[in-house]
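K.L.:
Line by line, the protein sequences give chains A and B. Per this note's numbering, the first sequence runs over residues 523 to 838. Per this note's numbering, the second sequence runs over residues 8 to 465.
Derived from the structure by calculation, the hints contain no laboratory data. Backbone N, C-alpha and C define an ideal beta-carbon position, used for all residues, glycine too. Worth double-checking, as some hints may not be accurate.
Said to hold, decoys possible - Residues of chain A clear of chain B, computed beta-carbon distances all greater than 12 Å: (1) S580; (2) L659; (3) R749; (4) S768; (5) V772.
Said to hold, decoys possible - Straight line, CA to CA, 16 Å or less: simulated EDC-like cross-link-like pairs of lysine to aspartate or glutamate: (6) A/K691 / A/E718; (7) B/K301 / A/E609; (8) B/K301 / B/E379; (9) B/K307 / A/E596; (10) B/K50 / A/D614; (11) A/K701 / A/D722; (12) A/K701 / A/D686; (13) B/K111 / B/E409; (14) B/K464 / A/D592; (15) B/K50 / A/E653; (16) A/K698 / A/E718; (17) B/K307 / B/E379; (18) A/K698 / A/E674; (19) B/K303 / A/D614; (20) A/K729 / A/D543; (21) B/K301 / A/D614; (22) A/K640 / A/D695; (23) A/K615 / A/E653; (24) A/K597 / A/E674; (25) A/K754 / A/D802; (26) A/K754 / A/D797; (27) B/K303 / A/E609; (28) B/K115 / B/D135; (29) A/K615 / B/E299; (30) A/K701 / A/D672; (31) B/K307 / A/E609; (32) B/K464 / A/E596; (33) B/K464 / A/E718; (34) A/K701 / A/E718; (35) A/K698 / A/D722; (36) A/K754 / A/D774; (37) B/K303 / A/E653; (38) A/K691 / A/E680; (39) A/K691 / A/D643.
Here's the letter readout for the chains.
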Amino acid sequence: MEYAIEVFNLVKRYSSRNVVDGISFSVRRGIVFALLGPNGAGKTTTIEIIECLRTLTSGSVYVLGYRVGDGRDEKEIKRRIGMMPQEFRALDKLTVRENIELFSKFYDRHRGIDEVLKEFDIEEYSNVRFERLSGGLRQRLGLAISTINDPEILFLDEPTTGLDPASRKQIWDMVKRLKNSGKTIVLTSHYMEEVEHLADEVAVMSKGRIVAMGSPYHIASRYGTGRRLVIKGYSRSRALTELADSNNTVGDALILNMDEYSSNKSSIPITEIVDIAIRDGLEVQFRNPSLEDAFLRLVGRMDDEGRLLDSRTEQI
Amino acid sequence: MEMSNNNNNNNNNSVVSIAIAVVTARAVIALARALILDWLRSKTGVFFTILFPIMLMSILTLVFEDDNDIDLYIQNNDVNNDGTPTELSNALITTLESSVLHIKHISKDVDVDEYVKHSSKRVLVIPDGFDASLRAKSIEARMMVMLSTLDLLQEQSPTDNDNDNYTDNDSYNDNDARSGVIVPGREGLDKRLDALRNGNYNYNYNSSVPRLLLVADSSRDRGHEQVQSILMSILLRFQQSAIDAPEILAIDVDDVSDIKPVSGKANYYLPAVLAAFIMTNGVLGTSGIAAEFKRKGMLKRLMSTPLSRSQWIVANMLTQTVLALILASMMISIAVIAFNTSPPNAISIVVLAIGALCFTGLGMLIAGALKEPHAVTGASNALAFPMMFLSGVFWPLDSMPEYMQNIAHVLPLTYFVDALHASMYSSSMLNVLQSTSILAVLTGAFILVGSYLTRWKE
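With the hints as constraints, model all of the structure from the sequences given.
P.N.:
What follows is the structure, encoded as structure tokens:
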């Protein structure tokens, strides 16, 4: 079986609103698949339907060949998947070991407790109560518990949200190890860097629909803003000030889309602009297309509080 | 060959069934154990689940040791044809009303034994014919005084030999005695005494003593002994002032309790406080766990494992039952050691378990019916605390207004308190069965509805 997950025309309706609006996608075995989207895009609902935590309104979903919605098949699915929610919580007064032991009892077959403790490097905390663990250790425990049944598919919901960079790096390494051991991983994240770093394939969701799907590079290249030249403090150069208008400046930075600019034969060549900037002592940067650019172009611009302002707006 | 395959299939099915049962039981026990450990390791959890109820029971027992519960209900069966009380029964009631006792009245149609059993009130029954028998006994007493006086006179009077003026011909007859003619001499006295003794005064010397009946339930009535002694002293005064004769009125005490003789207030408070806290632990504990699991996303985490909804429900019930038994064993031990109460029997353990299941079911019902964790906590509190105060835990139901008593009779805690009380101290299985069966029906209903409302998929 090539696909771990297959989703066909999935619809989830609440009242009269389609939270998930007829999406279809497949996840190949052994890859890290990331689902991206702003709040309310429908990604959590989609994931929870796949995890057999929510009912679907219409469409069909298959996990490892088992049909979501069928009682007997759902039991099989639950035996074969693991999940780690955002901000993993366990029983506060139980130790790390006791919490892992508890979850191990829910499965007819499970890995050894010591093996899991060792794999996620939490042996020295095995007798520490959950309430005394730091955020990073809690997430590592969550990851450890999600693999106690040696799952074929692992669902990770924003696994590094709120963690410091060191803890985030540790989780990334662990996810990579899990991927290398052959597990299929479905990831949701708000960190584009994380998705670019971990994911093999990405689906971008907006308003219940999938608006783009492919590898991070493919999405960044296709939907991103292209390569850009950024010159900071351009107003100090008379020649560069003549190039500036309201469409290609942000503050005191001149930003030129190199592909678009080069196609205009009447303008000053890029190499000459760079020479002017260097001669006038200005800071020059070249920026490659990023997933974040593509994401923002696809799903819209967001304000400081994460609210969607408008969609498919060119970002600088 | 085919039969062999069928046998193999049957064997395989049996093995799978056993394996599923083992995993199911293992998961339930593991979850219940984890919940219990999590609870017991919480200092506040232990305090409010176990220590606080013990403290409350001890405080109530000590504080109300000298309570002054002196209500007395009167059922007057001695009335005239027009329904008004007879003169002496009315006089007795007036005397009682002017005493420290708080007199209240109940109709003569009421079955007093049943009334006392269900209400724990104490009732003084004035029997039919009280007035007549009291008067008769009064006359008898006066006649006895006269006899005593005559006996004394007889002893002090001169002999026949000394009575020269009296002859057999001058016979002294009964009519003379009744007419009060004074005939001097020993013979005259003898004849007069004979007339009295032979009943020629048409008086029955063997009339029975009028008996009042005090009906009380000693196991639930904390003040019945105090009221009884007050009553005795009032009756003594009554008979002396109203009748002016000694020892003509008696009071019998009918203890309707079929409960073993016990002493101390802890017998009243132990089952009540135990039931109340098993209720709060069940309702608040179960709904609290469900709300906390929802709020922290732990319920979803459990739902994503092979753990089923029924396993989750059974684990919660097991948890609350074990916590209830821990609480009960500690409270009962302290009550037995410190307050000299009787240890409970096996039936009360069963009642405790049913009560724990009942309120766990109710907690499940609330948690299932309400989606928001905060609403679950609020609703549980809103239900548990009024129930505690309306179900006869801290004061008898009969001290509350009638409409509140009506509310109490639809509350499961009322039946749990009754069932626990009866099972711990009653020798009558009927008493235990009545309340326990109502409790069991409610338990079944709560568990069924609670299970139905508990969602394992959103």
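K.L.:
If any of the earlier hints don't hold here, list their numbers in rising order.
P.N.:
12 and 33
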